[in-house]
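One-letter residues, chain by chain:
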Amino acid sequence: MENRSMANQKPGKDNFTRNLVIAVVVGVILLMLVPTLLSKRTNTSAAIPASVSADRGYGIVFNEGLKGVPLIDIYEDFQCPICAQFEKMQGDYIESLITAKKATVVYHTLSFLGPESVNAANAAACSADENKFLGYHRALYANQPAENTGVWSNDVLGILGQAAGITSKKFTSCVNDMAYQGWVNNVAQAGAKANVNSTPTVFINGKEIDRKSEYFSADKFKAAVERG
Amino acid sequence: MKKYLPWVGLLSRFILGGVLLAAGLLKYQHLDKSQMAVRAYELLPVSLANILGIVLPFVEIAVGVLLVIGAAIRISALVGGVLMGAFMIGIAQAWARGLSIDCGCFGGGGQVEPGTANYLPELLRDGGLALLAIYLFRYPQSKFGLDRQRKDGEQING
Chain A
1 MENRSMANQK
11 PGKDNFTRNL
21 VIAVVVGVIL
31 LMLVPTLLSK
41 RTNTSAAIPA
51 SVSADRGYGI
61 VFNEGLKGVP
71 LIDIYEDFQC
81 PICAQFEKMQ
91 GDYIESLITA
101 KKATVVYHTL
111 SFLGPESVNA
121 ANAAACSADE
131 NKFLGYHRAL
141 YANQPAENTG
151 VWSNDVLGIL
161 GQAAGITSKK
171 FTSCVNDMAY
181 QGWVNNVAQA
191 GAKANVNSTP
201 TVFINGKEID
211 RKSEYFSADK
221 FKAAVERG
Chain B
1 MKKYLPWVGL
11 LSRFILGGVL
21 LAAGLLKYQH
31 LDKSQMAVRA
41 YELLPVSLAN
51 ILGIVLPFVE
61 IAVGVLLVIG
71 AAIRISALVG
81 GVLMGAFMIG
91 IAQAWARGLS
101 IDCGCFGGGG
111 QVEPGTANYL
121 PELLRDGGLA
131 LLAIYLFRYP
141 QSKFGLDRQR
151 KDGEQING
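As they're listed, the protein sequences go chains A and B.
Residue numbering for the first sequence follows this note's numbering, beginning at 1 and increasing consecutively.
Residue numbering for the second sequence follows this note's numbering, beginning at 1 and increasing consecutively.
Mixed in with the good hints there might be a few duds.
To spell it out: a stretch of chain B is covered by chain A in this simulated footprint if at least three of its residues, at any positions, have a beta carbon under 8 Å from a beta carbon of chain A; those stretches are [as the list claims (entries may be wrong)]:
| # | segment |
| --- | --- |
| 1 | 32 to 45 |
| 2 | 68 to 82 |
| 3 | 110 to 117 |
What the hints contain is simulated information worked out from the structure, not anything from laboratory work.
Even for Gly, the Cβ is constructed at its ideal location relative to N, Cα and C.
The task is simple: from the sequences and hints, build the whole structure.
So this is what it looks like as structure tokens:
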């Protein structure tokens, strides 16, 4: 009310206030938007963990270079409950394909569910340096808390390494320093470019398998892999 | 000018502005998911959808703030109305094409289990908000705003 009655007496001044407010609001938003847009770009100089290929969307690759085997790309978020179900259902089979060298498998650890997904993806990258990614991957899903409840702090993620047989100090400091945060962002950007709109998403030889039937049936998933 | 119209304007500003502000802030907290939500409409090329997923929350926040404080009401209402129209087109085409997606209106988004998408309430809500935007564009005068008003209550600029 005060403003309005003043406006009637001194319209010029009130208009100045209004325009200033508009300029500040729009200006502040633009000032936030530009660095956000820049931060969402792929940072090619970010540190990447062992067995990661930038050409494969910054995924963690197993059995690179095998000829004549199917290529399985798995997009997942360690906090996603359905990803935990998928791991429970197909995890052993996928690991057996890796050990038997019957498939090239690329894990894309997305982090769209929040900061604890970023922590977990970073920790998983640290475990890849220890050559224990698969075990740590398993341990994360086996101990998955509810989303963003504060359970997956870097301290906890560091200790969780023991479940995968990781005891090195290097791992703990890698987890605590968020050594691969830039890489986690690169994985997310690559996932966005690959048009991945939910997790888990599985591509076999570049084509997504059938969401209605093939994700949660052991037989149908196996058939999809063997079909290639 | 009817006495109660500025109060209707105030209420419309708060509802439309408040919804936009809340939607923008929730999306801003999970920008990866916001990008995913836009992609899931399968309406835009992936690269454009990824940019829009980042820009959209900022536009919503800006328009929401301006509407709540009552500055540049007509322009803000116009942008808000265009957004609602675009959302309705997006949701309607997703429904018509049988996509199963979360609208991502207030954060969230992406594909959902087939059959669990619920498009009608979303369309109705956005339609209602679009009507508020049209009303504010036509009658921008309202209580407690920063926009300058004439003694008879007509908005001068806006």
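Exercise. Count the residues of the segment 68 to 82 of chain B with a beta-carbon closer than 8 Å to any beta-carbon of chain A: does the count reach three?
Worked result: Held - the segment 68 to 82 of chain B has 3 residues with a Cβ nearer than 8 Å to chain A, which meets the minimum of three.
Problem set entry | Outcome, coverage hint (the segment 32 to 45 of chain B, chain A; C-beta under 8 Å; three residues) | With 6 residues close enough to chain A, the hint holds.
Exercise. The segment 110 to 117 of chain B covered by chain A? Criterion: 3 or more residues, Cβ-Cβ distance below 8 Å.
Worked result: Since three or more residues must qualify, the claim that chain A covers the segment 110 to 117 of chain B holds, with 4 doing so at under 8 Å.
Of the numbered hints given earlier, the model fails none.
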